[in-house]
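Take a look at the letters that make up each chain.
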Amino acid sequence: MATLEELKARKTDIGPPPVEKFLHSIIKENYGKWRYHEILKSGVLAHTAESGAVIYTVRAASPRLISTDFIRYICDLAEKYCDGYLRFTSRNNVEFLLANKDNIEPLIGELENNGIPVGGTGRSISNIVHTQGWVHCHSAATDASGLVKVVMDELIDHFKNEDLPAKLRIAVACCLNMCGAVHCSDIAILGLHRTVPKIDNERLPKICEIPSTVASCPNAAIRPTFIDGKKSVKIDEDRCMYCGNCYTVCPAMPIADPLNDGVSIWVGGKVANTRQGPSFTKLAIPFLPNNPPRWPEVTSAIKNIVEVYARNGKKYERMAEWIDRIGWTKFFSLTGIQFTKYHIDDFKHAGLSYRRTTQMRS
Amino acid sequence: MATLEELKARKTDIGPPPVEKFLHSIIKENYGKWRYHEILKSGVLAHTAESGAVIYTVRAASPRLISTDFIRYICDLAEKYCDGYLRFTSRNNVEFLLANKDNIEPLIGELENNGIPVGGTGRSISNIVHTQGWVHCHSAATDASGLVKVVMDELIDHFKNEDLPAKLRIAVACCLNMCGAVHCSDIAILGLHRTVPKIDNERLPKICEIPSTVASCPNAAIRPTFIDGKKSVKIDEDRCMYCGNCYTVCPAMPIADPLNDGVSIWVGGKVANTRQGPSFTKLAIPFLPNNPPRWPEVTSAIKNIVEVYARNGKKYERMAEWIDRIGWTKFFSLTGIQFTKYHIDDFKHAGLSYRRTTQMRS
Amino acid sequence: MSETPLLDELEKGQWPSFVSEIKKSAKKNKKAEGLLGQLELSYKEKKTHWKHGGIVGVRGYGGGVIGRFSDVGEEFPGAAHFHTIRVNQTAGFFYTAEALRKICDIWDRHGSGLTNLHGSTGDLVLLGADTDSLEDIFCELSKEGWDLGGSGGGVRTPSCCVGPARCEFSCYDTLALNQDITMTYQDELHRPSFAYKWKFKFSGCPNDCVAAIARSDFAVIGTWRDDIQIDQDAAAEYVQNGLDIQTDLLAKCPTRCIEWDGSLRINNPDCTKCMHCINVMPKALRPGKDKGACILMGAKAPIVQGALLASVIVPFIRLQPPYDEIKGIIKKIWEFWDENGVARERIGECIQRVGLGNFLEAIGVEISPQVVTQPRDNPYIFYEEYYEEEGGEG
Amino acid sequence: MSETPLLDELEKGQWPSFVSEIKKSAKKNKKAEGLLGQLELSYKEKKTHWKHGGIVGVRGYGGGVIGRFSDVGEEFPGAAHFHTIRVNQTAGFFYTAEALRKICDIWDRHGSGLTNLHGSTGDLVLLGADTDSLEDIFCELSKEGWDLGGSGGGVRTPSCCVGPARCEFSCYDTLALNQDITMTYQDELHRPSFAYKWKFKFSGCPNDCVAAIARSDFAVIGTWRDDIQIDQDAAAEYVQNGLDIQTDLLAKCPTRCIEWDGSLRINNPDCTKCMHCINVMPKALRPGKDKGACILMGAKAPIVQGALLASVIVPFIRLQPPYDEIKGIIKKIWEFWDENGVARERIGECIQRVGLGNFLEAIGVEISPQVVTQPRDNPYIFYEEYYEEEGGEG
Ligand code: SRM
Ligand code: SRM
Ligand code: SRM
Ligand code: SRM
Ligand code: SF4
Ligand code: SF4
Ligand code: SF4
Ligand code: SF4
Ligand code: SF4
Ligand code: SF4
Ligand code: SF4
Ligand code: SF4
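Here the protein sequences line up with chains A, B, C and D, keeping their order. Its first residue numbered 1, the first sequence is counted upward by one per residue in the working numbering. Its first residue numbered 1, the second sequence is counted upward by one per residue in the working numbering. Its first residue numbered 1, the third sequence is counted upward by one per residue in the working numbering. Its first residue numbered 1, the fourth sequence is counted upward by one per residue in the working numbering.
Simulated from the structure, these hints should not be mistaken for laboratory data. Just so it is clear, the structure is predicted and the values come from calculations on it, not from any experiment. You may find that some hints are simply not true.
Stated by the list, open to error - With a cut-off of at most 30 Å between alpha-carbon atoms, the simulated DSS-like pairs for lysine-lysine come out as follows:
id: 1; chain 1: A; residue 1: K21; chain 2: A; residue 2: K33
id: 2; chain 1: A; residue 1: K315; chain 2: A; residue 2: K348
id: 3; chain 1: C; residue 1: K289; chain 2: C; residue 2: K197
id: 4; chain 1: B; residue 1: K41; chain 2: C; residue 2: K283
id: 5; chain 1: A; residue 1: K80; chain 2: D; residue 2: K24
id: 6; chain 1: C; residue 1: K102; chain 2: B; residue 2: K167
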């Protein structure tokens, strides 16, 4: 039990500190009065205010899963070059905010010497948003950080250089819960299962509620049953599509299966309301094996898609817009990816993806 | 009982006569070898063959529900001007097929003198496809032939002249069974009910199967029940959306309600694969009263929509394409039609019609 | 004849009046007179006076006649029985005056004298027969070479566009295929034995003048695979005659694959065969030479689970008599439907229920990206292969 | 430290290595060492070694800590307990070196030394705490001015784009609204009592740099209503500097409402505020002056009934402190959800279930055509008005 003193000292519901404390004076003075921005070079932004003041941003990579050592190191750099000010982006890059233009190159020099690439702005591949994977989640069908590492190693030049038709946003999620905007990414890498959950009939009645377990299945594959006189559930194997939601609700239905878990690749999602607006990511490759530590099948598949897009996309054409222009038939033929039965939707709105016109390319 | 002789005389499964018997010699000779067509004037087509031969077509209106007198009359004309050859179109117009150009004007003269307008080609309003209504169907929530008559009286100039941005196809159906392409028309007039079927608990058990009656409801509003010890069904009034399918399956559930039956107006459907391809018709006006014999509310509503389209649509822009260009918000403001809760889809794919982008006009 | 003040209002105006038609027949025909009276009553009371259904027919046929009985038959005896006879129309709705007159003769003798030319499915509809005269009408019609169309859970009367008979766009012989299919499936047409109705419609090109994509379970729509044929002189002529080629043609091409710099250039691999440019310049542009059709399936009206447009099953097929390939596909589909169909479920709904991929696999049709507009966007995949403990792919 | 041949492979290559990060901490920290060993095992066996869930927390809070226990805790004692502490990040992810260092100090003292900057929802995530040290960590953090973020069935940690702090496009003050909402709903954030999670995200313009439309139950995305502001000289400058204005700007406008003839002309009533032209020419074009935001609701990941993008609820709202209007809407929505929500059903699914029209009616928001991309295409309408026998509208 806490002492009375401790309880008093303990403040609750204070919320995060007000952001004003963390804003550079140039930002405070020109807050809401920015006039325009320029990308000076890949990874370097200059925002000019109506007052004429300029704040420079250097964007640097981060593996997101970082040690306090890493944080202390970037703090050192921020103090040395940025009056101590820095921020993170919504894609987990580090942004150094500089008042002094002359500090840009020395900062970049130090970062690169220490193995931290600079880039991710404009028409490039930015950091991959991702999830916990084997590092921290019970649900994971694959590792997230590892996939990010090997894919970014492969695509590093597109992070450092703005050499693509448009922004290319990649996301990784380790299970169908999709902790991130995986469902709306230019390219998504999604861990998944391919076999039916194994029911632990011993534990199930003790730790799970039967009705909520039955209700958890999107496809009504789970039914209540009795095993050796005890309440449990059974799965209609023909209806299960391995989503793992029953496992989320009931721990006694583990779905992990190292032999069959793996990775799928999705393309053509988008978040921004630009031009053709937001859209979901669509299936490109239904299954690639989990082949840690470097998932060669995955990296080469992603590399291939990116390079085909880089060669064929037109300026300002996001992956979705490029595919929209050339058509999916051509996407599959250009990338050499095989179109299969699995690519044809068979869930709730399936029919709406069927081609309901004779309009098509030969 | 039929006599043996009769039975012998009676031929079954002979199918329709081969069409060759009914083709003009010019058509037979140039069959499949047509080169191009021209619209000489509204209602008059000229098809030129590779051989240089030409067949002329005069397209005349028909109320579709016609007497043998009418048929004999057009047969007379066909013999007088067309060597006896004529056809009907997929929209129930009569087409006279002429070898001799000089016969065109006399034929048109006779038709018009007898109250049969010529037109319906090109960028005009053609005949309305429709259904039985009170003339012949037990399901009808309105009359079809009557609606066609009053609407075409109103729009006759657009039948006779090619003065619209593009073809405008109108359809009428007297109930949700939609016997025709009502669901894919530029403008559709649809009869419907607004009250729950009345269950005849006396007859129901005798003439209907309970399970198929229950299954007939798209919205699971019907449940089996017992009334005075006899099996019957009951309707959850909150779930019923008056589709009448239960009545189709079970005659003891009549849904007609003269006080509340009426008409809805739909716009922006299309069949042809041209440009943006086929699409469904969407709700414009949820309800107008059944006001026979001349349904003034309906004719003025249709007239309004047609004239707004005629003024604002661009050449080759079907109703659907025009609305697509200006947006639905503008469609409602230009036509002065009120947008209501009923316009928002709440059926199976409802969410897909919600605006899932910030993109919109102010 | 009874007074018909309401219906009389519908004899006004410029559009030809169905009321005048009914009256013409009613003058000489008791059945038509009955209808006229009953219809006036409907107009007054704003409701139908037909009873629900009623099964009548001719011997040996399971369909082709729609039974219809009045609920005010005592007041209007002519309307008491008022059945519909669906006569299978000719392909493309072509007739001679002579043939039509013979039908009129039969119908004036035995029926109301009222008809629909044509019903929405395509039949030549005779409207208003007594139960007793059905057999006679059938026999007389068949003597003249006519047969019944379809109704109920079977093949419905096929119909097709005017096609090669009078249209330069037709990519296959719609009339011939329509006739061949109608004759081949006489049994399925006249003795309905399917889970629900089955409609065939045939259009010669993507303009789809018979609305096949909107209202047939099995739609065959002509198309081509090679380059659009261009007559540059004719194109220049259209432009000289005032065609605004930029706005009306180039900007309306859905894939923006046509260019004009005094002559037309089409980037054919990007062309989706939408017909627009050809429609605008029929003298200058024509479908390619490698002609055939696209097969689409599953269109229907809204009842029960919502309307459907037909969707692509076979992106391209060549169509020549004896049409064995397409008949082979139909056979497989009906076998599949026989096993998987449910009462009152159209094939389009059935395909959605089992999944288009499974359906194509079952009927042995190749699975190509052309059958969809986009791959799935949800991760709910029914994987069928997996590794077994020993390491083999299951 | 144990051998980690597989993970070592992930120290190769140019992208900064998370394995190197774990190793840095593992050198001085037993918990990090445990994680390293367990992760190597996962890489070897291709499976996770975390047990399902586990409820832990700090006093007075219903969320903010994710319990995590190892199933190989005996082999890797450091990993046995490895809970996550979600620290509510600053608005816009702005920090000073000083503040971050203090967090590092606390975390080095009590935890694994490993973090996520940031979690996908936005929290500053401390990864790997023992159950016993949770209270201490919380107290020390709060002394430094930090509080926990959300988890479970309540408000999750709101997050926002950099907005007016460094972006010229921002149409409202994302950081201020984010902070205000976070403070206003501390109770809902820390003591989850909703049917399921609730995520707020704030983007300053339709570029949506915080992906609000894809992953928040309540997304506020800046936009404007009047004309785009044009600086014609700057526009000319872009063109002089080589911008292909036809291809890269005009042809990419979704409504084709911009023209260029030496100066730019925008047909503003047709502009859908897609940002493209402004993004291409930030110096020449700016959002209008009548700024505010669009409220969209219901985005979520696929589980259970498929992923959803957020959809428009309020087409335009002005946003100024004290933000009473938007808070009024939130209040109504939560009342509605309280009555209509079902466990594990996100608000987006709930809205679809009850119908967007009914939802808007219930929360008292005006129904305008802007909330849909098209009206319904099926005739299944739930009419609520009808005539009673007496003739009155019911
Ligand atoms: C820093 C950051 C906001 C933050 O609060 O952290 C940010 C900052 C800017 N964004 Fe963004 N965006 C940021 C995440 C996003 C996201 C969210 C995401 O990726 O998850 C999106 C939506 C992506 C999508 O559609 O999938 C996003 C879509 C855009 C767009 C639209 C691109 C398009 O054409 O579709 C622009 C406009 C542009 O780039 O011209 C934009 C433009 C910008 C500008 C130019 C705005 C400005 O004037 O300052 C900033 C520099 C962009 C650059 O990198 O070239 N920002 N931007 C985020 C940086 C992430 C990173 O580290 O890479
Ligand atoms: C006669 C008929 C076929 C038949 O077998 O009966 C026919 C005949 C022709 N159609 Fe059609 N269409 C006929 C029903 C249709 C239908 C079906 C319907 O209306 O239910 C459609 C689909 C309508 C829709 O999309 O909702 C149809 C969509 C077209 C189109 C595409 C129009 C568009 O731009 O969307 C063309 C092309 C054109 O008009 O330039 C076309 C073109 C033609 C041409 C020019 C073809 C040719 O070269 O001969 C014929 C003369 C058209 C005219 O009226 O201007 N025909 N046409 C049908 C006449 C119906 C009538 O009486 O009005
Ligand atoms: C006569 C006709 C309307 C007309 O005025 O032309 C007609 C009349 C009837 N249709 Fe139809 N349908 C007629 C063409 C259609 C079409 C159009 C087509 O075939 O191209 C459709 C839409 C396409 C489709 O098949 O989906 C159509 C969709 C329906 C439906 C809804 C089917 C569905 O799956 O959604 C029903 C209800 C049913 O089958 O139970 C129906 C049912 C009926 C019934 C049998 C009424 C009933 O509930 O049992 C009607 C008999 C009326 C009568 O007493 O004469 N009728 N029906 C058309 C047939 C004439 C002919 O043979 O040529
Ligand atoms: C830590 C984090 C991933 C990360 O690596 O960043 C995460 C981790 C988990 N998420 Fe998540 N989610 C995280 C952001 C998201 C997001 C993205 C977002 O918030 O913007 C999503 C998608 C958006 C959404 O909410 O739909 C997301 C969608 C889910 C779902 C699916 C919810 C759905 O309605 O479809 C679940 C499953 C559930 O709730 O039962 C889930 C569940 C989980 C659980 C609690 C696992 C579970 O089944 O109980 C994971 C705990 C992992 C662990 O042990 O650390 N997580 N989760 C993110 C939270 C960090 C933070 O607070 O900043
Ligand atoms: S995506 Fe799945 S496995 Fe990965 S962190 Fe989220 S819930 Fe865990
Ligand atoms: S994994 Fe998904 S589909 Fe399979 S039983 Fe569990 S909840 Fe149902
Ligand atoms: S639409 Fe309805 S009422 Fe009209 S003919 Fe068809 S089934 Fe009968
Ligand atoms: S009318 Fe339609 S919705 Fe109403 S009970 Fe009958 S079948 Fe169901
Ligand atoms: S569908 Fe094509 S081929 Fe048939 S009539 Fe129409 S335009 Fe001609
Ligand atoms: S047919 Fe259609 S898609 Fe093909 S070139 Fe002509 S307009 Fe373009
Ligand atoms: S969402 Fe708009 S306002 Fe916010 S950072 Fe991105 S571009 Fe700037
Ligand atoms: S913001 Fe988008 S829609 Fe508006 S003018 Fe610019 S490009 Fe066009």
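Against the structure, the hints come out as follows:
1. K21/A with K33/A: holds (19 Å)
2. K315/A with K348/A: Judged against 30 Å, a Cα distance of about 35 Å means the pair is violated.
3. K289/C with K197/C: violated (35 Å)
4. K41/B with K283/C: holds (17 Å)
5. K80/A with K24/D: Given pair K80/A, K24/D holds - Cα atoms ~23 Å apart, limit 30 Å.
6. K102/C with K167/B: Judged against 30 Å, a Cα distance of about 35 Å means the pair is violated.
In this structure, the earlier hints numbered 2, 3, 6 are contradicted, and the remaining ones agree with it.
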